[in-house]
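Chemist: Those protein sequence lines, which keep their order, are chains W and S.
Here the first sequence is numbered in full-length UniProt numbering, starting from 1 and rising by one per residue.
Here the second sequence is numbered in full-length UniProt numbering, starting from 1 and rising by one per residue.
Estimated spans, in silico, between C-beta atoms of each pair:
1. LYS64/S to GLU45/W: 29 to 35 Å
2. GLY128/S to GLU181/W: 46 to 52 Å
3. ASP135/S to GLU181/W: 30 to 36 Å
Source of the hints: derived by calculation from the structure; they are not laboratory data.
Note that the Cβ used here is the ideal one computed from N, Cα and C, for glycine as well.
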Amino acid sequence: MTEQNVTITPELKESVVNLLFQLADDDFLYSYRGSEWLGLAPHIEEDVASSSISQDSMGHAAMFYQLLEEIGIGNADALAHLRPANERKNSILVERPNGEGYYMEVPKYDWAYAVVRNYFYTTAKKVKIDSVKNSSYDPLAKVAIKVNMELYYHLLHWKTWFVQLLSSTDEAKQRMNIAIEQVMSDFGDVFSLGKDGEKIVELGLIEKSDVLIHRWKQQLEQVLQSVGLSLPEIPANPERNGRNLEHTEDLVSAIETLSEVYRLDTAASW
Amino acid sequence: MQMSIKSLEKQVLDVLNEVKDPEIDTVSIIDLGMVEEVMAENGVIEIKILPTFLGCPALSIIQKNIENAVKAIEYVEKVKVEFINHPPWTSDRISEKGRNGLKAFGIAPPPRLMDSDGSWHVDCPFCGSTYVTMDNIFGPTACRSILYCKNCKNPFEAMKPISTLM
Numbered sequence: 001m002t003e004q005n006v007t008i009t010p011e012l013k014e015s016v017v018n019l020l021f022q023l024a025d026d027d028f029l030y031s032y033r034g035s036e037w038l039g040l041a042p043h044i045e046e047d048v049a050s051s052s053i054s055q056d057s058m059g060h061a062a063m064f065y066q067l068l069e070e071i072g073i074g075n076a077d078a079l080a081h082l083r084p085a086n087e088r089k090n091s092i093l094v095e096r097p098n099g100e101g102y103y104m105e106v107p108k109y110d111w112a113y114a115v116v117r118n119y120f121y122t123t124a125k126k127v128k129i130d131s132v133k134n135s136s137y138d139p140l141a142k143v144a145i146k147v148n149m150e151l152y153y154h155l156l157h158w159k160t161w162f163v164q165l166l167s168s169t170d171e172a173k174q175r176m177n178i179a180i181e182q183v184m185s186d187f188g189d190v191f192s193l194g195k196d197g198e199k200i201v202e203l204g205l206i207e208k209s210d211v212l213i214h215r216w217k218q219q220l221e222q223v224l225q226s227v228g229l230s231l232p233e234i235p236a237n238p239e240r241n242g243r244n245l246e247h248t249e250d251l252v253s254a255i256e257t258l259s260e261v262y263r264l265d266t267a268a269s270w
Numbered sequence: 001m002q003m004s005i006k007s008l009e010k011q012v013l014d015v016l017n018e019v020k021d022p023e024i025d026t027v028s029i030i031d032l033g034m035v036e037e038v039m040a041e042n043g044v045i046e047i048k049i050l051p052t053f054l055g056c057p058a059l060s061i062i063q064k065n066i067e068n069a070v071k072a073i074e075y076v077e078k079v080k081v082e083f084i085n086h087p088p089w090t091s092d093r094i095s096e097k098g099r100n101g102l103k104a105f106g107i108a109p110p111p112r113l114m115d116s117d118g119s120w121h122v123d124c125p126f127c128g129s130t131y132v133t134m135d136n137i138f139g140p141t142a143c144r145s146i147l148y149c150k151n152c153k154n155p156f157e158a159m160k161p162i163s164t165l166m
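Please build the complete structure, drawing on both the sequences and the hints.
Modeler: And the structure:
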């Protein structure tokens, strides 16, 4: 019942930590990129909705970091803010910037890209969280039940945008198709569990990538069909695999920005 | 001894009834169904709280408010507040008193039963009309949506239904 003093064997611990970092870092970067849209979304209702989704997702990341803290990996806030890019396990997809420019100056963010990235990512997250609800690591399974309930609304939101924009003007369709291509080119590591992924699966922490990918495709197929599109391919051998600590410069600058205030005074109480 | 332990727990529950949602002063954390367990042993009070939404920024404020309220009770030496995720908080944990408290604040309580297709219906907290439209599933806080009453022409908020069936 109590979530303190979790006891865990060293073998299990290694794989639990590995998976938790993947889930935590994914949601952390995803919500950071979402938060950069604040004040820039297409209309005020969307600003409310997408910032609410970013807030929820940051809460999910915080829970995963909290689980890491509970097995003695370090303080949750420090894990989120202070780890350099080459220690992160998030997928490449979530570290990509929102578009050209910088949000403090002249951001030229791409809403089509945001919609496709958020919809495809959230569908992938839903598939993973569903699997993790049956994880052999009980504290994670319990958090997954909680995350799943909030995810319901996120998925509904991004699906609505996705279908509406692809059922809209020619320009909207064209921009959405470009965005789909762009998002898919970074999808190669989203379902990867990294080089030690087999152990994670063997221990029953989550199901294997192939199974997850199959479910993701099943979920997307009908929606894509309804807008006259076929299933996009997931690249087989991505240039970089974030699960194996391979990242772009975009992650380095993202971490620099997002941790700036935290680093000013790591002992401050907020 | 047994008597005094019981009465201490009762006293804690009484003060928790006065710990309000930081943004909705007509409902307490007990009305919202957030208090899962209260244990009192030798002046040490352990309270288990279920967060509504994981990213809710009010949680640390609620924790502080609980600690301050409970510490004020005589014989209480230490207060430990723990947030737990199991059982998960669901919107059907809000009591009848809580539902009325939400309405009094102008927030429609969450619908109790969702239709099998996942759709849900909310009545206007001001005039009771069912002639309402959804403006935004997401609202000013993670747990609320924004709606509009076509009958009395008021915008209003509703607590989102949250269920493990989702």
